[in-house]
Amino acid sequence: MTAYLLNLATLATIFGILAASLNVLIGYAGIFSVAHAVFFGVGAYAGAQVALNLVPDVLLASLAGGLLSGLLSLCLALPALRVRGEYFVAASLGLQMLAVTVFSEAHSLTGGHGGLVGIPPASLLGIDVSSPWRFLAVCVGALTLSLVSIAILMRGGFGRGLMAIRDSESAAEALGKNVPALKTIAVAIGCSLAGVAGTLFAFQLAFINVESFTLEQSVLLMAMVIIGGAGTLLGPLVGTLLLLLLPAVLSFIPFIPATEIGTVQQLVYGLAMTLLMIFRPAGLAAPSTGRR
Amino acid sequence: MPGSLLSVRGLSKEFGGVKAIQSVDMDLVEGVVTALVGPNGAGKTTLFNLICGHISPDAGEVQLAGRPIRGERPHTIARLGIARSFQDLRLFGRMSVRDNVLSALEPTAWLWQPGGRRAARARLHKTEAALERTGLSALAGARAVDLSYAETKFLSLARILVTEARIWLLDEPASGLDPVSRARFVALLKEAVAAGVTVCLIEHNLDIVTELADRIAFLDRGRKLAEGEPAAILRDPELIGIYFGEPRR
Amino acid sequence: MLILQLLASGIQTGVLYGLTAAGFALIFGATRVFHVAHGATFVLAGYAFVLGAQAGLPWPVSCLLALVVAIGFGLFMDAFVYRPIQRHEGAFFTVFVAAFGASLVVQNLIQFCVGRGSVSVSTPLTRASEILPGLYVAPVFWIAIGVAVALFALVTMFLDRTDAGVALRGLSENPELLRAFGLSSRRLSALAFGIGSAMTVPGAILTAATSGIEPAAGAHVVLISLAAAVVGGIGSLRGAALAGLLLGITENLIIAVLDTQWSEAAGFLVLFAFILFRPSGLFGQAVRR
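Chains as they are written, first to last, in our numbering: chain A, 117 to 408; chain B, 1025 to 1273; chain C, 169 to 457.
Please note that the accuracy of each hint is not assured.
Beta-carbon label-pair distances, calculated as ranges [claimed, not checked]:
1) C:G240 <-> B:D1112: 34 to 42 Å
2) A:P363 <-> C:A223: 32 to 40 Å
3) A:A253 <-> B:W1134: 29 to 37 Å
4) A:L190 <-> C:A424: 28 to 36 Å
5) B:L1230 <-> C:F248: 47 to 55 Å
6) B:S1199 <-> A:V256: 53 to 61 Å
7) C:A223 <-> A:A253: 55 to 63 Å
8) C:V317 <-> B:G1034: 46 to 54 Å
9) C:G338 <-> B:G1269: 23 to 31 Å
Read the hints as simulated data drawn from the structure, not as lab findings.
For glycine and all other residues, C-beta sits at the position ideal for the given N, C-alpha and C.
Build out the structure end to end from the sequences listed, making use of the hints.
Set out below in structure tokens:
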């Protein structure tokens, strides 16, 4: 039981980083990406390759994962600069579908459908951190660091610039905001954090394959951010906890057959997303809107 | 023209065969308030969009104090000292009133603004001063979407006021204001002009135009039909006819 | 002859893609709703047909049932999901998320009630006969083309000739009208959702009759529709239909050169390239940034 809970807690922290990083794009910059699992995946593969072929150092692997994801985020920044709204969603969908194919076909880098197996236990600057408790501590540290840096950035001029673009791009331009630069940097930050989360994920599971980096995953991440409350610091964490605990809770309900838990879970996600968008579009953690 | 801070020469723009602006010349003279007047669809807002780089002209030149700025990106033009407002305001709705104004003072796209703590404090001071002048201090923490109509108009002005831009292009800044707010608004603008700001405003209310403007440029269907002293323009029966939508020959 | 055979099946897939995509484009053009639940409409129609046929209903009745279910679902989404959202903030992403949620609900509800495997009806119409040496074509091939062309012509005629159709087209050409006139925009949007949803029915029925339909099929359908709508130029029915046809053909032809896994990816590469370099699509007007 402890092992189960520890695993769940570690996964929750990793997904917390992911949701917080997607929130930089969706909540602050107004860039509605449905390709976030791609950068999660890039980070996971890159981190796993470093661990498999160089050293299983979390810091080094995370750095590699984050850096590569940050670089490849240009694929997302490019359409974000050229088109908006539905067109950008369509572009990110296209990117997501392409990436899944590449992940499953580039055998030498990703292991194809079989994935990368036997990722060695993690160490941190020479100290073994592979035990469940220690690795949880590493992940919590990473989450805290991400949240603190996001909080600092978003409270400052950079965050204000992003939110200004989100609320009115043309007005932001007219007030001297360099929109392309701001967007590119925001996308790079969000995606490299996702890459770091991917590396941690690879260490935690010791095995990764394309199944974790599909459109479904992207949509789940999106749901975490939206359900919790996009553009708030803690909303994505609330969403992450809710959506990750859901399967655990469902497994305790007696009349659902065990084989159908996945289906029921998706059903509840879907229903929650639709109903929230109708009745509480700002998310659960957002303050209720004052109307005049 | 002597003292011309912003000069527009032969500016033209076509949208799918419709000539929105046809070889317009205009000068904004330092410290002078120019009003752009004309019926709906005359191309007034398009002219602002062209000057500010939001859309690129088909032909013509725009110079700011002798420096050509045509083809520059909007944010570059803004940083050179041309601030504009929008007819539909385009406030940053989900940001607080204070952040709306503060944001106008933070041009850098990089993660930190230059100047450190001291500069940050100075920006905050300027922001509070601008809020004070526009009467929004008490609402500094409110979200822009929650403001009343008149308050949003003043917030739009505060965002421009705080930038210390030399040229203000205002798109119907006083439309729909009640008489009291309008008087406050006019007073604020006069203060700014006295402090050396060059203003060009699009305005339908001829009372405000006569009260504020030193010059009028009259636009109709993309062409500048006349420019001159307000008294002269507003006495021209032909222009007034066009303005009030009399049937044309 | 492999190429010819692939081309034939490509055309069959393509016309149905084209029709479904045109429905998506019609809805988007007229209402500016990014109807991601279009795929759910498709799946629901397919299941209505299959379950009807399995229950022993004569096939015209099953087809009618599919039509009713498709239109009903489209109208339901319009009235109870999209309109309440558009009434307050109406940000397009809110609509997108809600629609995505609804698709998840439909997919998993079907999985829960019917099962996750694919269902189909068997019909002699899918029995292929050799019409050229090495080229096998089943009657559904002609049915698909016939129905798609006829229905597309019908819808185009409706949009060109009737007052309601002209109003719909007006909306898609100038979305500002929707706001400016406000009048009867409710009924017009219901009309758009009704017709657009009905356009998924032939594809759904014929897919169920040939390869079978599964709960997860909606995602693929909506991705194709979306890609076709963007490549064709958002709002342009002809563009979407043509792009859908091309996507269907490409998807099948590419099998001759590459592994099947790449066939879908190729479509999305085209989509991605279009958005980057020609966001107005093949037939669309320039996009306002």
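**OP:** Starting from the hint list further up, note which numbers the structure goes against and sort them upward.
**Re:** Going through the list in order, the structure violates no hint and respects every one.
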